[in-house]
Each structure stands twice: as structure tokens, then as C-alpha cells.
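*Asks:* Per our numbering, residue 1 is the first one in the sequence shown, and the count goes up by one each step.
Please note that the accuracy of each hint is not assured.
[What the hints assert, rightly or not] Label pairs and their computed distance ranges (CB to CB):
| hint | residue 1 | residue 2 | range |
| --- | --- | --- | --- |
| 1 | V23 | H233 | 24 to 30 Å |
| 2 | E105 | R262 | 44 to 50 Å |
| 3 | D201 | A118 | 31 to 37 Å |
| 4 | A118 | D82 | 26 to 32 Å |
| 5 | Q161 | P252 | 18 to 24 Å |
Derived by calculation from the structure, the hints in this document are not laboratory data. In this text, a Cβ means the ideal position worked out from N, Cα and C, and glycines have one as well.
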Amino acid sequence: MTTSTSTEFVVSGAEALLRVDPVGLSATSAELSMTAGPWLADPVAGVCRGALGVPLDDVTGYVIASGAPQGKWPVSLGIRVDFLVDPPVDGAAVSITGELVARDERGGATRGSVVDAAGATVALITQRSHLVAVEEQPTSTAATIAAPAPEVTLREALGVQDFGSGVVELAPTPFAANGMGNIHGGILIVGSELAAMSAVDAHGELRTTSIDISYVRPGNAADTTGFRAEVLHRGRSLMVVRVAAANSSGKPCALATVVLRRYES
């Protein structure tokens, strides 16, 4: 088997939006850096913890890409992210690392974490990927996509429309895209979080503790993506919400379970 030894991180719209920078990549481990600033603050979610899904998806998925055979590229089957604390919103950098757990001819499993400048763990991820045939690997588009101004929130940059009761739409935007022009798996995590928060009228009083998401069909970043949430459990301090993401024709892109807890600063 001839593996892809020249794979590099593909920096596209989602990475530009989240200020993600490559540090290192091999077939067994990877590292990214992300600037975490005030754009992560959100009036409904408090702090958009789901934004960490973008670098976490990358740092684990690209480990599989780096060891994949020529003509193959990994696509995520599913991701679970556990959030321990809020990411910083003061412009500090966080470090994101990923490592290989297992690999075979069909794909692989990886895990990773986000750590802040003080060395505290912010979030954890596990991901399962499978390999699909591609004619050529995705390429970076960072030269043509700049990050929004610092005062532009993630919600604003993604053109989020919240219709209430867990119905949310993301506008067509290059900031939602991965290197293949599809909606980035991490952006689907963001949308799922915002829809879940909308469903329970969070008003910044809750935080996301985990998101478990399955990807069932690619979504087009150049089209509207809709999210609909259903509250499965609403307790005093813990809430569980099921979110379905769909493309403009109504076909599902992803299904997520979002767990929320009341926030205590």
C-alpha cells in the first residue's frame, strides 16, 4: 500500500473563521493552534464551545489522511466531543492535538484534545473516519479567505438565523466550508449547538457539555443548511437535545445528540 506522505492541513473557510493555524502533522499525530477571541461569545450559548469542533475535527481527521493510500481521503463517520470548560475569549491561543488510535484499509479511529495556555484541558474528542476514493486531494484556499473582524461574532459570520424553538439556519458562506466545498464537520457541530440552545431558550445560562454527531451525507457550504432540534429531556440542571441538520432539499446531513447543563461561573 502506497501511503500519502505529502499530506498537509487544508486551510479553508472554516479554519480562517476560527483562526486555526497548522503546527505539525504525521500519520500518527498532529497539532494545531487556534486563537480564541471575543467572536466565540454568544447571547444564547454563552460561549460557543462547539467552535472547537473545527480544529478538533481537523487535528484528528488529518492523521488518517496522512497515512491514507494514494487516491483515498477520509470522511468522518462520527465525532464525539466532551467540553470541560469554556474556551478563552480574550485572544489567547489554545493548542489542539490529535493521535492515532487504530487504522485499517477502510479508515481509522483517532482522539484528541484542546489545552489552554495554562495547560488545562478544555475539550476532548474521539473520531471515526472512513476512506473514500478521490481524484485529487483538497487544497488550501487561505490566500483568498481572511478572518472576519474581531468584533464579528461566529453567529454573525455564519449568517445564523434563529427562528426559535430549535429551528436554526446557516446561510451559504465560504466560512462554513472545508477543502472539498462541503460544510465542515465542525461547523455542523456549531449549528447543532446553536439549535439545541434555541430549543431550550438558553439565554446564555447553559453550557454544552457534550456533542455526539453522526455524519450521514455531505452538505454544500454554498447552500442553506437547516437545523431542527427536539428536546428529549429537560431537567433543572441537565438537558438532552436531538438535532437534525439537513440540506436545502430536506435531506439529512448529520444527526447529533447535544447535552447541556446549567452554567455556574
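*Asks:* Check each numbered hint from earlier against the structure, then list the numbers of those it violates in ascending order.
*Replies:* Of the numbered hints given earlier, those the structure breaks are 1 and 4, listed in rising order.
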